[in-house]
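Visitor: Here is how the chains run, residue by residue.
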Amino acid sequence: MSSFNIGDKIPKDLANASVIDENSNNLKLATFWKEGPALILFIRHFGCFGCTTQMQAIAPRIQEIDALNIRIYLVGNGNPNFIEGFKERFQLYNQPVKIYTDPSLEVYKKARLTRSKLIAYGPTTWYERVIAFSKGYSNVNQGDNGQMGGSLLVDQEGTIKYYYKNKTVANHSDPNTVVEHIHQFALQQKSKNN
Amino acid sequence: MGVQVFIHIANLLFLSSYLVKDIFLLRILTLIAGFSLLPYYFWVEGGPLTSSIFWSFIFSSVNLYQLYQLYHERKPIRLSKEQQQVYQSLSSYFSVLQFSKLWQIGAINTVAENQFVLEKGCYPNQIILLLEGSLSKSSQAFCTGNLIGAIDFITQQRTQQAVQTEETCKLMTWQRKDLDMLFKKDKGLYSSWQSMLSNALAKQLAS
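Respectively, the protein sequence lines represent chains X and D. Going by my numbering, the letters in the first sequence line up with residues 1 to 194, in that order. Going by my numbering, the letters in the second sequence line up with residues 1 to 207, in that order.
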C-alpha cells in the first residue's frame, strides 16, 4: 500500500516507530497523539530549501492550530544537533511546536512517504531551487536529501484525519487544506462531546 | 545616424529598467523602451518590420495589463465611514485590501426584530456577520462569535437551528459561491478568513 486514507487507523508499525529529540532521547510516535489530536509535519533534513518553504507556509498558522487543541510536531531526518539551529532559524522557541528527528528514516518509510533521488535531483527540484533562492532561502545538506516530507493529522484514537505525501522537495500540504480538515475534525469532536 | 537613434534610445531605456529594483518602474521603462523601438521598425530600410511590430504589441499589452494590476494592488484604499465601522471588528484578521475585496461581494442588510435570519434545515449557502443588534437567546448558542451559520458553513450540512433576531439587527451577508470564487483567486484572503473562523471556533470549543 502506497498511501493512507482518511479514516484509516495508524498501523502498529508506524505507531511503535521511534523518533529522537534534540537530546537523543527515543520516543514512540504513538505518544504524539496519546493526550490529544496531533498534526505531524514531516519535513526533510533541517537545512533544505524545501523545509524552509514548508515552514514559511505553516508558521503563520501555528498559533491558530494550537488554539483548536491540536498539538503540532515536526519530524526531520537530520542529526539531532541540527534541531537547535532549526528552532533558531524559524524562531520556534516560544511556539507550541515540538521537534524530533529520525535519521534512520524508519518513521518516514512506515508513514509511506516518498524517497527518491530522482525527484531530489530532477528538473522540478532545480526549478524549485531557483524559486527558493530568489526568495533568499538557503540550502545546506543536514540529512537524507532524497527523503520527501508529508503531513499527518491523527486523533486521540490513532485514526488518520488528514494525510498528505509531499510530491517534490518544495511541495507540501496547503495550510488552508490542513486547517479545513482541522475545522471539520474539531466540530466532529464537539458534537461527540455534546 | 538617422533611424538608428531609436535603437539607442530604446536600449538606454532597457538598460535603465535593468538597473531599477522596483517592478512598477521597471515595467514602465520597458514599456516606453518598447514604444521607442516602433519608429525604427517602421522606417528602417526594407521596413516596416511587421513581425517585430507584432511582438512589440504583444509585449506592451502584457506589460500594460501587469501595470494595471500592480496599480490596483498598490493604490491606497480609502474606507467610507460605514466600511470603517465594520472593519474595526475585522481588522485583526484582514488587511484593508482584503477587507475591501470582502466588502465588494458582501451585502449589508437590516432585519427587523423577531425575524428569522437563518431558517432551520436549509443548505448553508451563506455566512452572516452580526454588525449591530442582538439575537434571541436560543439563537445565540448557534452563533460562533458574531458569525451566524459559520459551523454549518464549515460542515456543509443543513442548518441545525433557526436563528432569530431579538431586536433590529444590521448584518453583513456573504454568499458561499461568491466567497468560493474569491478564495480561489486569493489564497491569502482564504487563510485570513479561516483564521477568523478558527478563532470563533476555538472560543466555542473552550466554552
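Simulated from the structure, these hints should not be mistaken for lab results. A quick note: this is a predicted structure, and the numbers were derived from the prediction, not measured. Backbone N, C-alpha and C fix where the C-beta goes; we use that ideal spot for every residue, glycine too. Check before you lean on any hint, since a few could be wrong.
Stated by the list, open to error - Computed from the model, here is a short list of chain D residues facing chain X with C-beta under 10 Å:
no.	residue
1	78
2	80
3	155
4	203
5	204
Visitor: Compare the structure with each hint and give your call.
Guide: A quick look at each hint next to the structure:
Because the closest C-beta pair between residue 78 of chain D and chain X is about 27 Å apart, greater than 10 Å, the hint is violated. Against a cut-off of 10 Å between C-beta atoms, the interface hint on residue 80 of chain D is violated, since the closest Cβ of chain X lies about 30 Å away. Taking 10 Å as the C-beta cut-off, the interface hint given for residue 155 of chain D holds, the closest approach to chain X being about 6 Å. With 10 Å as the threshold, the beta carbon of residue 203 of chain D comes within range of chain X, its nearest partner Cβ sitting at about 9 Å, so the hint holds.
For residue 204 of chain D, the interface hint holds, the least distance from its beta-carbon to any beta-carbon of chain X being 7 Å, beneath 10 Å.
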